[in-house]
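Novice: For the sequence shown, the numbering used here gives the first residue as 1, with consecutive numbering after it.
Hints may contain errors.
As the list claims (entries may be wrong) - Mimicking BS3-like on lysine-lysine, the simulated pairs with C-alpha atoms at most 27 Å apart in a straight line are: (1) K6 x K120; (2) K103 x K42; (3) K103 x K6; (4) K120 x K103; (5) K44 x K103; (6) K42 x K6; (7) K120 x K44; (8) K6 x K44; (9) K42 x K120.
To be verified - Restraint-style ranges between C-beta atoms, simulated for each label pair: (10) I72 x N10: 34 to 44 Å; (11) V36 x K6: 19 to 29 Å; (12) L79 x R109: 30 to 40 Å; (13) T75 x K6: 42 to 52 Å; (14) I64 x E108: 25 to 35 Å; (15) N2 x W116: 43 to 53 Å; (16) E3 x I64: 50 to 60 Å.
Please keep in mind that the hints were generated in silico from the structure rather than gathered at the bench.
Computed from a prediction, not measured in an experiment: that's the story for all the values here.
For glycine and all other residues, C-beta sits at the position ideal for the given N, C-alpha and C.
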Amino acid sequence: MNEVSKDDRNMGLFAHLAALAGFVIPMAGNIIGPLVIWLTQKDKSAFVADQGAEAINFNITVSIVAVVLWAISMTIIGLIVTIPAFAVLGIAWLVLTIIAGVKASNGERYRYPFTWRLVK
């Protein structure tokens, strides 16, 4: 396995943690943050390109699930189901994003579970 440079590990970390911009711009910031890192770094480092794409794909998946949950919540019964589901989704998103950042910081390629890989 090739050694990943410190700069590449840091950019991989930023690609994952940039999703935290979703706290500032809900439903878009979590995608825009990693997208900016990926677009500016993908041609410079295979590691950053891989981790940036992984972060984008995970956050697209989370956003799609959130939209589906929101649509389900428009019904009275749906609201009862979706409140806990939103809590689980939010906690899982935060925990997995942090785990991915730590792995990238250590030079390890991280794969998010349950993710549609649309960006290569």
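Novice: All the hints need checking, so say for each whether the structure fits it.
Specialist: Do the hints match the structure? See the list:
A hinted pair counts as satisfied when its Cα atoms are at most 27 Å apart, and K6 with K120 qualifies at roughly 23 Å. Note on K103 and K42: the hinted pairing holds, with a Cα-Cα distance of about 18 Å set against a maximum of 27 Å. Straight-line distance between C-alpha atoms of K103 and K6 comes to about 13 Å, which keeps the hinted pair within the 27 Å bound. Proximity of K120 to K103 is assessed by CA-CA distance (about 19 Å); at most 27 Å being required, the pair is judged to hold.
Our distance criterion of 27 Å between C-alpha atoms is met by K44 and K103, whose separation comes to about 20 Å. As the CA atoms of K42 and K6 are separated by approximately 16 Å, the hinted pair is consistent with the 27 Å bound. At most 27 Å may separate the alpha-carbon atoms for a hinted pair to count; K120 and K44 meet this at roughly 15 Å. Between K6 and K44, the direct Cα distance comes to roughly 14 Å. Compliance with the 27 Å bound is thereby established for this hinted pair.
For the hint pairing K42 with K120, the CA-to-CA distance comes to about 10 Å; that is within 27 Å, so the pair holds. With their beta carbons about 39 Å apart, I72 and N10 fall inside the hinted range of 34 to 44 Å. For V36 and K6, the Cβ-Cβ distance of about 21 Å falls inside the hinted range of 19 to 29 Å, so the restraint holds. Our hint of 30 to 40 Å for L79 and R109 holds, since their Cβ atoms are close to 39 Å apart.
T75 and K6 have their C-beta atoms about 51 Å apart, which keeps the hinted 42 to 52 Å range intact. Checked against the hint of 25 to 35 Å, the C-beta distance between I64 and E108 comes to roughly 26 Å, which is consistent with it. Distance hint check for N2 and W116: the Cβ-Cβ separation is about 28 Å, which falls outside the suggested range of 43 to 53 Å. For E3 paired with I64, a C-beta distance near 36 Å fails the hint of 50 to 60 Å.
Going down the numbered hints, you'll see the structure goes against 15, 16, while the others check out.
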